[in-house]
Amino acid sequence: MNDDHDADAAMSFIFEAGVLKRAARTGWWFVTQPESIADHSFRTALIGMMLAAMEGADPARVSMLCVLHDTQETRITDIPHIAKRYLTTAPNTTVTADQVAACPPAVADLITAAVTEYEAGETPEAIVARDADKLECLVQAVEYRHQGINNVQRWIDSSRTALKTTSAHRLADAALNGQPLAWLTPPPPPE
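Each residue of the sequence shown is one higher than the last, beginning at 1 in full-length UniProt numbering.
Hints listed in this document are in silico derivations from the structure and should not be mistaken for laboratory results. Among the hints, a few may not be true.
Computed cross-link-like contacts, SDA-like style, restricted to lysine to any residue with a CA-CA straight-line distance of at most 25 Å [as the list claims (entries may be wrong)]:
#: 1; residue 1: 21; residue 2: 94
#: 2; residue 1: 21; residue 2: 76
#: 3; residue 1: 84; residue 2: 29
#: 4; residue 1: 21; residue 2: 101
#: 5; residue 1: 84; residue 2: 34
It should be emphasised that the depicted structure is a prediction, and the values quoted were computed from it without experimental measurement.
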């Protein structure tokens, strides 16, 4: 393959990932106008980086796993939990393989390995990344609740139940006891 073909194939994946900026997270449609999948993935990566630091995992690796964890939703959409009772979809690793098939081998291998690791959920980084995904959902539910949106407790409960790491549980407690806009109030001046 020539360099132009490699660049074109890599750019195709980048364009495809851009769809996530416009694609909504469908589970929230039951209670409100949801954020985009890209919005969710960005904050998941941020949470993942912080959790990794707290848990002694590799923050860069965790952030990469978080960024890539929902890229398959350009092709299969964000299927709400209730719909999964009735639908069968291809595994995320299969979707990813199709998405990166034409990419330069180094790119395809990097993305495929990250998605495979995340889906297996066995390495410390994958465990932390999966916790970041669930914690981001919990945080979003807390924010929606503070905006006056009811019926979000099921997301809080299911997300919290799925958490594995001590640090994720600590952050969940902080989210549940915190005020999403408290950061707007400056701290008192030092005495």
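Task: In rising order, the numbers of the hints this structure does not comply with - done: Failing hints: none at all.
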